[in-house]
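Q: Chain by chain, the residues run as shown.
Protein chains: 4
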Amino acid sequence: MGKQKIINDPIYGFISVSHDLVFELMEHPYFQRLRRIRQLGMTHLVYPGAHHTRFHHALGAMYLMGQALETLRSKKIEVSAEEAEAVTIAILLHDIGHGPYSHALEDSIVSGINHEQLSELFMDRLNEIFQGRLTLALKIFRNEYPRKFLHQLVSSQLDMDRLDYLNRDSFFTGVSEGVISSDRIIKMLQVYNDQLVIEAKGIYSIEKFIVARRLMYWQVYLHKTVVSAEGLLINILKRARELFRQGHPLFATPALQQFLKKEFTHRDFKQDPALLDTFAALDDSDVVAGIKVWQNETDPVLSDLCRRMMNRNLFRILIQPEPFSGELINRYREAISSQLGLKKGDVDYYLISGKMVNNAYHSTSEKINILFKDGTLKDIADAADTLNIRSLTETVEKHYLCFPKEVVL
Amino acid sequence: MGKQKIINDPIYGFISVSHDLVFELMEHPYFQRLRRIRQLGMTHLVYPGAHHTRFHHALGAMYLMGQALETLRSKKIEVSAEEAEAVTIAILLHDIGHGPYSHALEDSIVSGINHEQLSELFMDRLNEIFQGRLTLALKIFRNEYPRKFLHQLVSSQLDMDRLDYLNRDSFFTGVSEGVISSDRIIKMLQVYNDQLVIEAKGIYSIEKFIVARRLMYWQVYLHKTVVSAEGLLINILKRARELFRQGHPLFATPALQQFLKKEFTHRDFKQDPALLDTFAALDDSDVVAGIKVWQNETDPVLSDLCRRMMNRNLFRILIQPEPFSGELINRYREAISSQLGLKKGDVDYYLISGKMVNNAYHSTSEKINILFKDGTLKDIADAADTLNIRSLTETVEKHYLCFPKEVVL
Amino acid sequence: MGKQKIINDPIYGFISVSHDLVFELMEHPYFQRLRRIRQLGMTHLVYPGAHHTRFHHALGAMYLMGQALETLRSKKIEVSAEEAEAVTIAILLHDIGHGPYSHALEDSIVSGINHEQLSELFMDRLNEIFQGRLTLALKIFRNEYPRKFLHQLVSSQLDMDRLDYLNRDSFFTGVSEGVISSDRIIKMLQVYNDQLVIEAKGIYSIEKFIVARRLMYWQVYLHKTVVSAEGLLINILKRARELFRQGHPLFATPALQQFLKKEFTHRDFKQDPALLDTFAALDDSDVVAGIKVWQNETDPVLSDLCRRMMNRNLFRILIQPEPFSGELINRYREAISSQLGLKKGDVDYYLISGKMVNNAYHSTSEKINILFKDGTLKDIADAADTLNIRSLTETVEKHYLCFPKEVVL
Amino acid sequence: MGKQKIINDPIYGFISVSHDLVFELMEHPYFQRLRRIRQLGMTHLVYPGAHHTRFHHALGAMYLMGQALETLRSKKIEVSAEEAEAVTIAILLHDIGHGPYSHALEDSIVSGINHEQLSELFMDRLNEIFQGRLTLALKIFRNEYPRKFLHQLVSSQLDMDRLDYLNRDSFFTGVSEGVISSDRIIKMLQVYNDQLVIEAKGIYSIEKFIVARRLMYWQVYLHKTVVSAEGLLINILKRARELFRQGHPLFATPALQQFLKKEFTHRDFKQDPALLDTFAALDDSDVVAGIKVWQNETDPVLSDLCRRMMNRNLFRILIQPEPFSGELINRYREAISSQLGLKKGDVDYYLISGKMVNNAYHSTSEKINILFKDGTLKDIADAADTLNIRSLTETVEKHYLCFPKEVVL
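Chains as they are written, first to last, in my numbering: chain A, 1 to 409; chain B, 1 to 409; chain C, 1 to 409; chain D, 1 to 409.
Just chain A, same shape as in the assembly (with noise of 0.2 Å):
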């Protein structure tokens, strides 16, 4: 590289961005909008620590895949200055077709194409923009490569993206269940048959990140007030939209606007490029800045729900294993109907149900596979000398449902 750029992390120490063209992509707006993208959405209203960003994570993933190709290199895995740039570049924008709190977007004013499909899109465009420096990265994310390890390393239930994700995220929550020795974890990568395995001694450490990612679950992606967050969060969004297209002028940015006018899809996004450009132009602050001007709306639902938010009076959760009876979501409606004064049409805003999925370890595709010494490969739930990992396979579902504080049955 011309000049060695260095960047501070709190985790990592000290992130070295190694290729001339990393360094370039970095510096493209369409990477540079992740710093306004907070990883975890609204989950600072629970950890308020929690305000570390998209851009920070790409970092962390591409610092941990340098790392991971130097163990590999060391056990003799030859890794071409092509595929390693590539793959780098992979990590780098595995996660760039996300927008502003992406899932409660994908759930209300832009479901109609999601963010994988959406990093595509990104990846497409910026090879294009870099004459197909891309294409190797590309080919490499999307399994088109032979060598299939390099694309685990990108994504797989063992991938550069969790890994980094586990522990950024418990740094800034401060929740240390979720930290895991991914050091210990790398430097126990291999490769065998092409396929991206794990030394038999590493096999503790394996079992721990499988745990740490299932508290990590609860204690935090589905921490009941943050799925509450994210619940008020779609309903303020469908709300906005519905009232604009009802002709009701709402204040927004020009790019909000367009998505709270119009649903996308990616035939869509195919067709008008620019489509792509109103969609990077998207972060956090239009999401905040609009909420914050709608309270005071005239419209009294809306206005209504921005307040909660903004002043983080978020409706009481209510989590069981099973489903809630029809009959009991009635009786919230209805309660909920007269003791607010609302419209029968608007009750749908005021009252939240669904469902939190967690499953720990797929067992299905993708395994994790542990190497022998003997040469043997196991699938780590069939290694582990307890059930529990096996145990761990199972998805977990609870039932939720939201609704004001101050209603009640």
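Think of the hints as simulated: they come from the structure by calculation, not from any bench. Treat the hints with caution; some may be incorrect.
To be verified - Okay, derived cross-link-like pairs now, DMTMM-like style, lysine to aspartate or glutamate, Cα gap no bigger than 20 Å in a straight line:
| # | chain 1 | residue 1 | chain 2 | residue 2 |
| --- | --- | --- | --- | --- |
| 1 | A | K5 | D | D183 |
| 2 | D | K224 | B | D385 |
| 3 | A | K139 | A | E82 |
| 4 | B | K405 | A | E27 |
| 5 | C | K405 | D | E27 |
| 6 | A | K224 | A | E406 |
| 7 | D | K139 | D | E366 |
| 8 | C | K398 | A | D382 |
| 9 | A | K224 | C | E199 |
| 10 | C | K5 | B | E199 |
| 11 | D | K270 | D | E120 |
| 12 | C | K148 | C | E120 |
| 13 | B | K76 | C | D20 |
| 14 | A | K224 | B | D9 |
| 15 | D | K355 | D | E322 |
| 16 | A | K76 | D | D20 |
| 17 | C | K270 | C | D124 |
Claimed, not checked - Sample of chain B residues facing chain C (criterion: CB under 8 Å; computed from the structure):
| # | residue |
| --- | --- |
| 18 | I6 |
| 19 | G13 |
| 20 | F14 |
| 21 | D183 |
| 22 | K187 |
Claimed, not checked - Not the full set, but computed from the structure, chain D residues with beta-carbon under 7 Å of chain B:
| # | residue |
| --- | --- |
| 23 | S176 |
| 24 | E177 |
| 25 | S181 |
| 26 | Y204 |
| 27 | K208 |
| 28 | V211 |
| 29 | L215 |
| 30 | W218 |
| 31 | Q219 |
| 32 | D385 |
| 33 | T386 |
| 34 | N388 |
| 35 | S391 |
| 36 | L392 |
| 37 | E394 |
| 38 | V396 |
C-beta: ideal position from N, C-alpha, C; glycine also.
Keeping the supplied structure of chain A fixed, place chains B, C and D upon it in accordance with the hints.
A: Frame of chain A, contents of chains B, C and D only:
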């Protein structure tokens, strides 16, 4: 308290809220808004982890206050329940007057009133809302309460504010030079003749604290790229204000519009209570959302400056111990004008000069006093066994000059 | 207390000694000797940082006890000053009966009495010395005090002993798999029907704690090289004892000589009070100094074993789920005999077999109970939302066989 | 390397051994003995975590050397494979001459030769054993190799030795004042005119490093209780030697006996190769085992001093900037004699006086040079923007006087 409230903090582990009134204050929109205001403004452009908020810092300082009170009480310094609540409130609210990018706004669109005055306005308003229950807290904050050490816990060279922000800013930036032993410093606190002092065996922890503060100034608060980014932000806001006043309609949230349109003084805030609520509606998102939209404004200066900011294409910054000569500045002025094709009047938006001041320890007033076993008190600058602290009482000044990277003499 | 005593701890920051009697006990030679006994015996041969002592662990457990009492009192569980002092003493002294390399000595030269019995002897002796001031502490320790939760703080599956040692052993070994949220677990403690329980929202911290314990067993306490080193140590001490009893004079400290010469039972300790003082004179240095000198002994077995230990030329260890067959063991026996040129009777010093047992959570007695909001209690194994904890109640056994590296079949 | 060797380190995570020869040296008994020698002697009496060994520090310094080489090579400083191996060996062995409680022994029973001389003797011996394969390492160690910066990595004010011990001693004591950014300092290393220098943007990390070193001297290395304990240890050893030479038989390991009986010089070590092996047989356990047994010796002075040491009943220590007057010393001498009933000749064992010297930065030779972008070099003392570093070039002296706590004037 009716219900115990515990908040996760990645630095101290858990922060408990120990008084009902404190919890109610935290829930007030005036305080909740601090969740949306970063402690370090644009610093995340250099240190990507630095997205922590003024809300989080206020909680941290409150936690340290609890530790300090516990230490003092264990040393038989009586602090009544009322005093404890009041001093806790005082530290919680000490920075409540900060708006988004405070220093930049005070240098551009909110120059008629400073954040200290705003803090007092907010506290007075809250005292009304809470029917006088903040009166003692306000007395302590304003140093009108007889027991002076309580004020010193809130505001002095050894206050809980500094102890928290050095640790917190170090943690989130990853700059380990700022880590201090707040735990140890607090354990060494004592009160002597109604003054907050440090026991002699804490002398080296204080020495480290002063050095850490000095280093954090150079490495974080006055980091050259941060200074350059803040200069750019100031010029963006100044340009936007100028355009607004010329009648050029610009996108902006209603609250931001109000401050772009007109300059308000302390007197205005006193006379129009609604103004404080307008100010309270501002946060980082108003500024970011504005700048993003202004990238596409027709005014070439505004749109260019905003694009530079959004894509982190910041001005180059020169730094030297002595002021830049008028001659050099003129040469840059001409180069900018000719090379960028700017009108004379617009050159000032592209040339920023100023002075950085770093004073690690002030020996004139509010010294840090060391209490020796024989009962004598000494200023830390005299108590240290070398002249190094004394030399840190000197103010270090550096002068800077910023301009677009592409400009050459 | 007359004078406050504060001790630096790299894990918790500062440990304060809160009772005069506790401080006097810490100063007693019976307690000071723990400064010279490593918590993890020979483990530093694998993890070079693991030189922390039983003294340090006892202080750490005492610190956590203080945190636990503070939490319980804040939840309106009354604990009198006498009870607090007593339970603090009980945890401080809970392991005072440990000698150097406890487990190895109990398997070789001090096999007539175990460390639990010795702990009680030391406590009874200290109670005499301190004129009965430890009576309540002893009642709690022996579970003879009516308030059972106090005993559970000292000894149960959730006691302060375990919380400290998992954290401490992780810290000094650098094995991050054992880090637990002791801070959070303690904050979730509650007393219900005189039982120590965990509030429902701490359920995932307990899950992590149980998994961490399991992983620390495999990665540290039962690490294969540690097991091999302990086996070698046992054989060295057995051989030395045999030589001693055959009248072969060996260098040894006077205290160690006494235990090499004769086997003592609990009854001997009861009848001869001086014996406890002889035992109290033993620490790691007696054993290490002996082994070093024995490297040059004329007995070829003893000198060879000692040289292997000192130069970390440890036995190879084979591990498998099922017991090793008698036939295989015989083949190794013969190989050792012929390849090392050993007399038949000496082969046993070069062949070690045994069983490792790892049981992360015992569900039979002293369960960890989770307290739900509706007042119901559930064993954590039943309360978890998957079967993973239940599967960790299974005992995992592994069998091992150790012999010199140079021996081949 | 045939087999990769990885060692867990709680500070750096994992330390890899990168050369076969290095691994063989680590396995040699001369190096393994460092496992039984604490880095900080008696310091664990003040900081109970400080049991880390010279073995562990040597590994840590070796790890940092690897980081430094990686950084320099990334900056196009060529370092050949042979040079890399040699400089790694040089740092690994830099302190191999240390015996147990080195400073105390050099002031008592091993006063005819110092640890630097012993290190060279060990290295020469190892070079013989390894048939000349350490020749280049020795040249670098002795600064006889043309490329001077390699020696500076091993021994200078910025060597890997200091970088590791400040971090390591901070970690194990829990004294956070000593934590330095070794990671950042190493990233700023550069070679200029064959000198090891620091790039200008690392200037504040160096400032912090110098201050950290100063603070660690006062808080750890010269902590008053540590100084008192070392004084007591010296007097114990002196007394034991005197008794030995008077023909009084004392328990001691054979190796320790030899050094108690006779004073050896550098010449003796040169003439009798076996002497080095006797020295190599010494470690902390010889000294501790001796002192424990001597508690029961008939000589009242020796037994009393040893009991004080074992039960941490250390001498009181007075500290002042100027030397203690002869008159005061005499008054203490008489008080000790009369109050403890001592013979005149024995008083010296109970009265210790001396001088502590703390010099954070030496500006006379081997300066730390800062490399500016324009290619100029400046001593850090001149390059800092205040006089604080310059003031730290002053040597600070304190005088101390130790005597039993029960003695009063």
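Q: Tell me, in ascending order, the numbers of any earlier hints that this structure violates.
A: none
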